[in-house]
Amino acid sequence: MANIPLVIFLIVFILWHLGADRAALMASVKHPLIAIALAMSFLSILWHMRLGMQVIIEDYVHGRWRIVCLLGNVFFTIALGIAALYAILSLNFGA
Numbered sequence: 006m007a008n009i010p011l012v013i014f015l016i017v018f019i020l021w022h023l024g025a026d027r028a029a030l031m032a033s034v035k036h037p038l039i040a041i042a043l044a045m046s047f048l049s050i051l052w053h054m055r056l057g058m059q060v061i062i063e064d065y066v067h068g069r070w071r072i073v074c075l076l077g078n079v080f081f082t083i084a085l086g087i088a089a090l091y092a093i094l095s096l097n098f099g100a
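Numbering (our numbering), first residue to last: 6 to 100.
Some hints could be false.
Stated by the list, open to error - So the derived label-pair ranges between C-beta atoms look like this:
#, residue 1, residue 2, range
1, Arg69, Met45, 32 to 38 Å
2, Leu94, Ile19, 18 to 24 Å
3, Ala25, Val79, 31 to 37 Å
Derived by calculation from the structure, the hints in this document are not laboratory data.
We put the beta carbon where it would ideally sit given N, CA and C, even for glycine.
Please construct the entire structure, taking both the sequences and the accompanying hints into account.
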């Protein structure tokens, strides 16, 4: 149920900033509530990506490759999550 407001927020955020310059986007991301909502949105999207890929791997990959692909799926999702959080935090606190 938390995905509904997060997706609505993400759509509104993207539409609101279409055509905006970098300074306006940076000012928005520096607000703590916006940064938290963006991070939660990306983590939710990544979680659902992992679950979807897990189902596909379990259905179509057999043998030893199944374990390799499932572990790769988890590590890839973690790497993307770390990258997304780093990007949001560096925009919020850094540049």
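Right, here's what the structure says about each hint:
no.	hint	verdict
1	Arg69 <-> Met45: 32 to 38 Å	36 Å, holds
2	Leu94 <-> Ile19: 18 to 24 Å	20 Å, holds
3	Ala25 <-> Val79: 31 to 37 Å	36 Å, holds
Comparing the model with each earlier hint shows no violations; every hint is respected.
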